[in-house]
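Engineer: Take each chain as given, in its own frame, and dock them per the hints.
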Amino acid sequence: MVIDPVTLIVALIGASTPILLAAIGELVVERSGVLNLGVEGMMIIGAVSGFIIAVNSGSPWLGFVGGAFGGAVLSLIFAILTQYLLSNQVATGLALTLFGLGLAALMGEAYAGISPPMTPDLFPEAMRDIPALGPILFGHDLIVYVSLALVAAVWFMLAHTRAGLILRAVGESHEAAHALGYKVVRIRVLAILFGGACAGLGGAYLSLVRVPSWTEGMTAGAGWIALALVVFASWKPWRALLGAYLFGGIAALQLRLQAADINIPVVLLDMSPYLVTIIVLVLISSDKTRAALNAPAALGKVFHASG
Amino acid sequence: MIRLEKRPTPSRAWIIGAPILAVILTMIAGGLMFAILGQDPVESIRVIFLDPLFDERFAAFSRPQLLVKAGPLILIAIGLSLGFRAGIWNIGAEGQYIIGAICGAGFGLAFYPSENLLIFPGMIIAGALGGWAWAMIPAILKTRFRTNEILVSLLLVYVAEAILAQAATGFLRNPEGAGFPGSRNLARHPGTDNPEIIAGSGMHWGVLAAFIAVIAAYVLLNRHLLGYQIKLAGEAPRAARFAGVNPTRLIILCLGVSGALAGMAGLFEVAGPAGQISIDFNSGYGFTAIIVAFLGRLHPVGILLAGLLLALTFIGGELAQLMLGVPAPAIQAFQGMLLFFLLALDVLSNYRLRWKTAEVAS
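Heads up: the protein sequence lines correspond to chains S and Y, in order.
Quick note: the first sequence uses our numbering, first residue 1, plus one each step.
Quick note: the second sequence uses our numbering, first residue 1, plus one each step.
Isolated chain Y, as found in the complex (with noise of 0.2 Å):
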């Protein structure tokens, strides 16, 4: 019989090796949802993980894609997992992003038609605003009223869609759209637009965005006394209570960050890849942000390396979809199972398994 012995220290080769064998078993899983879809697993597996890289027809178009999808997956990860890792649970981030979306798009519409320099970086301000704001209502109700953060959080997502239909058919709809839901353009007009930084890469200033919150996060988190809190918080709270860490601080720290860091993912979406503000432009990344954490292990680097997998998962569905005919929401299941194999694994870099024969209790 098996036997599980936890280890006095999180074992170093599973911390890395659990997410490397969690992706390799969802490869085989997925394969086999696949099979039963009716497709040819390997190469179905193939079409989501090589060809968006390596096929000719499509790695030009593809390749950009990666960090474009990347870019707002990374940005909004490192957000949650500061909070993740002090036991704050925002999982809202999805709203954030689309408050922050909205309150971006709504700055630059509001001086259209303006082509002035300090616009773009004017709409950045204000949609990481919007998403602090958006994510500042769990924090406070959390540390005024002791509010479960979690369930806030995820029901303020349904309020933002509810926002988000309001604007897209009403104050920010487009007066020169004959009637058609969503704002004006903000892609095609110079000065709202998010262009990509070099031509042709799929770089947008989102993409280096996201990369100065990898770098930003793991000098916080190795060099600074408030990631050391952060990280101590989550690990032994009692500790972290008589060491001085001021709960109340590290909640609307943790929670305000990740809002910000949403919402400008939203504002960079609205206003490069998607182009304007319509019902449906969010496209789940706020919850799938939320899988790239955990598959990262709340690690910045790890971060930045499963968003890009994602990603590739993203555009591969895509694909996948437009050559064979895979339905749609497959690329969600598969994503799902991604985090189940990784967190069924993650018992193995905390405890040790054992083969035991039965024995008499002592």
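Okay, chain S solo, but in the shape it has when bound (with noise of 0.2 Å):
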């Protein structure tokens, strides 16, 4: 049995962009000082409003949009919550999720075994078809490009301009910033609005791309891998990337080698992506020095401005 590498890398891709979606969309949202544990609920629906949108409308394009749109209305919620009324982030995550759970499968009933609009790949096929290069450099539609895209400018964002600084101020210290002047409640609502369309994005991508086609709770732990991948990432931008990579090249892999009926328990590879995940977020906790620097110091903690 022989695995091709070019395939292979070119479904790793593939199976990465909705988590690295979720967790580049995360990461400016802990960024900011807030943890958000609603990611798997953000992207469920996400995945049912692009799906539904791409169909009744036809275009895909007009679905991606509808699933950022739909995450981040549902993101509304957590910031509103977590930022005018001062709630727990936990609990407030959590129930965002089991909302977002019954939600999405209460808006998805009517279109279970339903084909989505094809996404068209984005480069032509002369490119595509070069030895190799071609299909990893240019074989994927555009959102895959959208989210290499997202990870370098957020990447500028946080490191090279003053947005981004305002923002990591905000998330280490929210006390300091406020006092500076800086609108701590805004600057988080905005962060918690881009990672909710994100997710959302990467949601649709499940449903649009990936799967292509709507099922209940078709998120599977994707939401929480990205979470998972933040912390892995140690709030790093191209950190995020190269994790996202590594987990997609195991989904892929797992994939394949049931495919391949290889003999290794279809149960070892099923919770393989999941077992890995923990045994990733061991090793980076278990470096001390490492995770305490990185992890924002104002972090899930509720800002209340008094006075």
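Some hints could be false.
With a straight-line Cα cutoff of 25 Å, these simulated SDA-like cross-link-like pairs (lysine to any residue) come out [to be verified]:
#1 K301(S) x A162(Y)
#2 K301(S) x A220(S)
#3 K301(S) x K6(Y)
#4 K6(Y) x H178(S)
#5 K301(S) x R241(Y)
#6 K301(S) x T9(Y)
#7 K301(S) x R12(Y)
Derived from the structure by calculation, the hints contain no laboratory data.
Structural biologist: Put into structure tokens, the structure is as follows:
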């Protein structure tokens, strides 16, 4: 049995795009000092709303926009509850996931078993046919390149712009940022909405490209893996990309091994993505200095401006 | 403009009032949701909340179901509430529930077809141990490697589901089941069954265990040093450290207890209402129990009431599905909404609303 490395790499990039999108969004949210555990819920709402819009409009692009919009709308609930009503972020994030899973199942009831419109590849066939490099570099749809551009943009924003500096300041010490006159709550709400839109887009990529169809609970923990990825990345964008591709590689390999009928128990392959995520989390967190240095200092803390 | 002003101590009135108001607001918002789905809102809310208890046609069936469904929810939520109070977030109860059920059922099936009276107690212990062991994974990773217990416990749910699929189609499959997935029926075999203690009441051993857990948790939190340490660690972690609370011990303990209770709940379910290990015998109780724990304000008595209420929404949801054709997931969204309203209203117990006109910063 031979697994072709080129097709594996192409599959890997596709498999990692949804979690990369969700992770890069959550990374910005966490850098602003907010822990949103509702990624799974926002992803599945993005998956279902993107799917519904794409099927009804016949355009996958409107579907992706709709998915991002759906994720952002759901994240707005989280933003209002945690930023204005000062609720516990862990509990609210969990509520968002539970509510999102239920609402998505409700919205998608009539859409099971339908095929969405095809998402075309971006580059002409001549470029895709270049041996080896063609499929890897040019053999994807627009969203894959959007996800890469987002990683670069988030990196540039965080590392080289004033807005990024303010965002990080808010995440490190909201009291200090507030004292300097920055609108802590407003900045965090915007970050949360961005995170929701990214998660929604990732979800829509799942239902429109990866699977492509709608089934209840189809995100199957992708949102939680994205959350783990942010920790793995030590809150750095390029490491999130690396982590996502590493993870996508395991997912793609796992599927190929199942198809290849090799002598590894299916149950082991089924649980491999989750086990690998746990192992990686353990490795990262056991490195005491690194884990402690990189987490935003105000992560998960409630901010209430007194006076 | 409305401003929030922190209260010196949380308002007692709102601690009790917020969940009640949240239920009322959820009924209104849920009614709107049902109206959007093309249902009569008042009718749907009545079918969900009143008909299971008071309608003559359904009450005979529904009333016992209330205990059957509330039992596992309360049992799991009591365990979770201890951890949540101490700031230890076990959100993988669903996985511990599944593993507990598999271990307990495996113990019972190992002695099949014996009907020895000791088998059922053994199954309960095996179930509790299974859930405990599954919860020890995030606990040990947390204490040894500082790995986030939220992510690990949740990811282990998916691992548990993969093991469950393997159990139902492989190592626990009924050898006389003509190749169909699913284990032997535990509920129909004397010795491994979890029967009703009082016939027709829905009260099986798991419900009794849930009631005992409520009392034990109440005593622990109000009369025991450990309960005090749990509360202290959650409310003032620094003070807890100075007071000599050992965080490692607390993590192992809270995750262990919640895992063992969830595992027991899984065993009671699989040996009683569910009857057998099948691919989807778990009905999401481990996740709904999180809502129960919060709705009950992490207080044992509150959890008892919240468990009954959520059980009612499950039964009422099934009834609404049957009578009105309300889609099944609607009830899940409904439960999520309840948690949102509760979290939103929480602000009122810790803060006072002040109407303020714009003023110059002093």
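Engineer: Hint check: K301(S) vs R241(Y), CA-CA at most 25 Å. Holds or violated?
Structural biologist: holds (19 Å)
Engineer: Just to be careful, I want the Cα atoms of K301(S) and T9(Y) compared with a cutoff of 25 Å; is the pair within it?
Structural biologist: holds (19 Å)
Engineer: Run the distance test for K301(S) versus K6(Y): straight-line Cα separation, threshold 25 Å.
Structural biologist: holds (16 Å)
Engineer: Starting from K301(S), check that the Cα of A220(S) is at most 25 Å away, please.
Structural biologist: At roughly 28 Å apart (the allowed maximum being 25 Å), A220(S) and K301(S) break the hint.
Engineer: Can you confirm whether the C-alpha distance between K301(S) and R12(Y) stays at or below 25 Å?
Structural biologist: holds (24 Å)
Engineer: Decide if the proposed pair is consistent with the structure: K301(S) and A162(Y), CA atoms, cutoff 25 Å inclusive.
Structural biologist: This hinted pair is violated, its Cα atoms lying about 35 Å apart.
Engineer: Given the hinted pair K6(Y) and H178(S), is their alpha-carbon gap at most 25 Å?
Structural biologist: holds (18 Å)
The structure does not agree with the numbered hints 1, 2 stated previously, though it agrees with the rest.
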